[in-house]
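As given, the protein sequences belong to chains A, B, C, D, E and F, one line each in that order.
According to the numbering used here, the first sequence is numbered sequentially starting from 8.
According to the numbering used here, the second sequence is numbered sequentially starting from 8.
According to the numbering used here, the third sequence is numbered sequentially starting from 8.
According to the numbering used here, the fourth sequence is numbered sequentially starting from 8.
According to the numbering used here, the fifth sequence is numbered sequentially starting from 8.
According to the numbering used here, the sixth sequence is numbered sequentially starting from 8.
If you are wondering where the hints come from, they were derived from the structure by calculation, not from laboratory data.
By construction, the Cβ of each residue, glycine as well, lies at the ideal position given by its N, Cα and C atoms.
Errors might be hidden in some of the hints.
Once the Cα atoms are required to be at most 27 Å apart in a straight line, the calculated DSS-like pairs of lysine-lysine come out as [stated by the list, open to error]:
#1 K53/C / K78/E
#2 K78/B / K25/D
#3 K32/B / K53/E
Computed beta-carbon distance windows for the label pairs [what the hints assert, rightly or not]:
#4 T10/B / E116/D: 44 to 52 Å
#5 N16/C / D30/A: 46 to 54 Å
#6 T10/B / S39/C: 38 to 46 Å
#7 Y18/C / G9/F: 45 to 53 Å
#8 E113/B / S20/C: 27 to 35 Å
#9 S20/C / Y18/D: 45 to 53 Å
#10 Q14/B / E81/F: 22 to 30 Å
#11 S51/B / N16/A: 49 to 57 Å
#12 S51/B / T85/F: 50 to 58 Å
#13 S51/B / S20/C: 48 to 56 Å
#14 K32/B / T119/E: 16 to 24 Å
6 protein chains.
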Amino acid sequence: MGTLVDQFNAYRSKMNEKILGSDNKVMKRIYSVDTLTYQDGALSSKVKEMLGLVSSMVLRCDDCIKYHLGKCYELGVTTEEIFEIFAVANVVGGTIVIPHTRRAVEYWEELTLG
Amino acid sequence: MGTLVDQFNAYRSKMNEKILGSDNKVMKRIYSVDTLTYQDGALSSKVKEMLGLVSSMVLRCDDCIKYHLGKCYELGVTTEEIFEIFAVANVVGGTIVIPHTRRAVEYWEELTLG
Amino acid sequence: MGTLVDQFNAYRSKMNEKILGSDNKVMKRIYSVDTLTYQDGALSSKVKEMLGLVSSMVLRCDDCIKYHLGKCYELGVTTEEIFEIFAVANVVGGTIVIPHTRRAVEYWEELTLG
Amino acid sequence: MGTLVDQFNAYRSKMNEKILGSDNKVMKRIYSVDTLTYQDGALSSKVKEMLGLVSSMVLRCDDCIKYHLGKCYELGVTTEEIFEIFAVANVVGGTIVIPHTRRAVEYWEELTLG
Amino acid sequence: MGTLVDQFNAYRSKMNEKILGSDNKVMKRIYSVDTLTYQDGALSSKVKEMLGLVSSMVLRCDDCIKYHLGKCYELGVTTEEIFEIFAVANVVGGTIVIPHTRRAVEYWEELTLG
Amino acid sequence: MGTLVDQFNAYRSKMNEKILGSDNKVMKRIYSVDTLTYQDGALSSKVKEMLGLVSSMVLRCDDCIKYHLGKCYELGVTTEEIFEIFAVANVVGGTIVIPHTRRAVEYWEELTLG
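Bound conformation, chain A alone (with noise of 0.2 Å):
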């Protein structure tokens, strides 16, 4: 995996781990709903990170953007599937999603490519 991966899941994991360390129980839980949240169930995983992709995108949150995309690499997302994904995003959210699907783009590159 190339810098713009590697540099995310490090500093993701290294706050994560603080959170987690704080005796604060809520978070704990939010921590916790969130796995089950993309588990497979009547949908599959892969279809609920495409939705936590999406929703990403209208958000406009490139972390949560980049957790998501890493997230559709391993499941199998296509890059054509992942285009249409951000067309949806881009349709919906406007062109202020612009900006993020760039970034976007430049991280999925990273993923495939290397």
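Got chain A; can you put chains B, C, D, E and F on it based on the hints?
Using the frame of chain A, we list chains B, C, D, E and F on its own:
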């Protein structure tokens, strides 16, 4: 279909006509891109409508939610799947999505129970 | 003026009085800064009201949209110009702005057709 | 309590039951984390409800505002304090929060005047 | 032009090419509608770019702000006018717009001072 | 204080001076209303800064979060209390607040550990 569904569709059609009846080229193109977005491609229409639904929920747009619920219903999305989409939206978007989920449940009931 | 306009103005006036009637200095100052903002300056009131309108649309605040539509109407903004503002709002903010545009069109019709 | 309060509570209860009545585990957990969040801890319930209120205002969720106003009222927050919370919300979130403040004032009056 | 401007333009061009280089028809159409939106019409390009700028500010998208600042500069918007647009954005959108205004001022200085 | 805190404060001061140095009356008044908002009143400065912090978190403004964390630190808010504010923000605003919480934890550590 029940009252909520009928009212929503009637108002939507009436006002869309007025918007398209104006001579604004940009608005017309937005409508046509919108239609294009949800057509079968690498991802099915069904998955794309789910993407549209979850986006509408995290952005908290009741009318957009109603529209995509209607489309999901037509395309055979099940109640169990709908609730899993609601779950993603509420986890990503937080408890401020709950009031919109309440109204979504009411609308979905009307769609499914007639 | 039609029903929508009257109802909006009546409720707005009644509740603004209550807010200003409270002894909260910050709220009072916000109201006075708000008034100052839209006065003629390097940019005309008219352009500033258009800026207020497009901001209200992308932030999807129906009451704010109504208020600025009323001001735009008073200041002589034409229907063609209004639709170009709607176009910018829908391109920047995406299709989630469409339901607000529908209601804006309805309100604008009442303003212009009486 | 007046009409607005009763209507809000009735619809909220009815739809919450339907959501919890579904077999969606994620939704159930969100509800239980939500309850946990506002319990006495390092910060009192009262301060936490104020935090919930101001968050709901800047995110412009009328139903969330109503809910937290109800809780604040039960916990003895005064009208003067409520207006200071409104002030923070309007300063941080801008004049687009004003229409929500109008409706919040109306609801608060019903809570306090019965 | 200074460093910030150059970096922004270079990254923007590079990634836009990749997005347009994908075979996604929706993304292409969004780009072409976007171009159409800001052309002279009932409103001048100049006013439309101001509308784009204020929308980008209240939606707090730094890259969108930079883009529209660049366009406003090309079209002869003055510093005094720019600050009046900032004022509308900060009043409508609240103090959360201030950090974006800081970065906007820095970028505008680079545009105007070179 | 560590690097993050110093950098934030330096840039903030420098750019605020430029904004206040412009002749824009509206911007000046926004700054003065902002100061007024957080002064002791029916609610203490401390509670108001907590309200400012949680608002900044749900609106996902990293710079605003940093500013209010600095103020909370000065006013004696404890780490346990800070995490309870984070908890409210993450529950109300959803998992998209998590990346901002990560950065908030890092900044808070610098404030408290020096």
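### Pairwise hint evaluation, K53/E against K32/B, where the allowed Cα distance is 27 Å at most
holds, 19 Å
### Task
State, for the Cβ atoms of S20/C and Y18/D, whether the hinted interval 45 to 53 Å holds or is violated.
violated, 28 Å
### Task
Using the Cβ atoms, figure out if T10/B sits within 44 to 52 Å of E116/D.
Hint violated: Cβ distance 31 Å, outside 44 to 52 Å.
### Query
Honestly, do N16/C and D30/A meet the 46 to 54 Å range at C-beta?
holds, 52 Å
### Task
Measure nothing beyond the straight line between the CA atoms of K53/C and K78/E; if it is 27 Å or shorter, mark the hint as holding.
Given that 27 Å is the threshold and the Cα spacing comes to 21 Å, the pair holds.
### Assessment of proposed distance window 16 to 24 Å (beta carbons of K32/B, T119/E)
violated, 33 Å
### Hint consistency between K78/B and K25/D [alpha-carbon to alpha-carbon, up to 27 Å]
holds, 22 Å
### Query
Does 27 to 35 Å hold as the CB distance between E113/B and S20/C, or does it fail?
holds, 33 Å
### Message
50 to 58 Å was suggested as the range; check whether the CB atoms of S51/B and T85/F agree with it.
### Response
holds, 52 Å
#### Entry: Assessment of proposed distance window 48 to 56 Å (beta carbons of S51/B, S20/C)
With Cβ atoms ~51 Å apart, the hint holds.
### Cβ distance range 38 to 46 Å for T10/B and S39/C, holds or violated
Holds, since T10/B and S39/C (Cβ atoms, about 44 Å apart) stay within the stated range.
#### Entry: 49 to 57 Å as the expected CB spacing between N16/A and S51/B, which holds or is violated
violated, 31 Å
The structure fails hints 4, 9, 10, 11, 14 (numbered hints given earlier, in ascending order).
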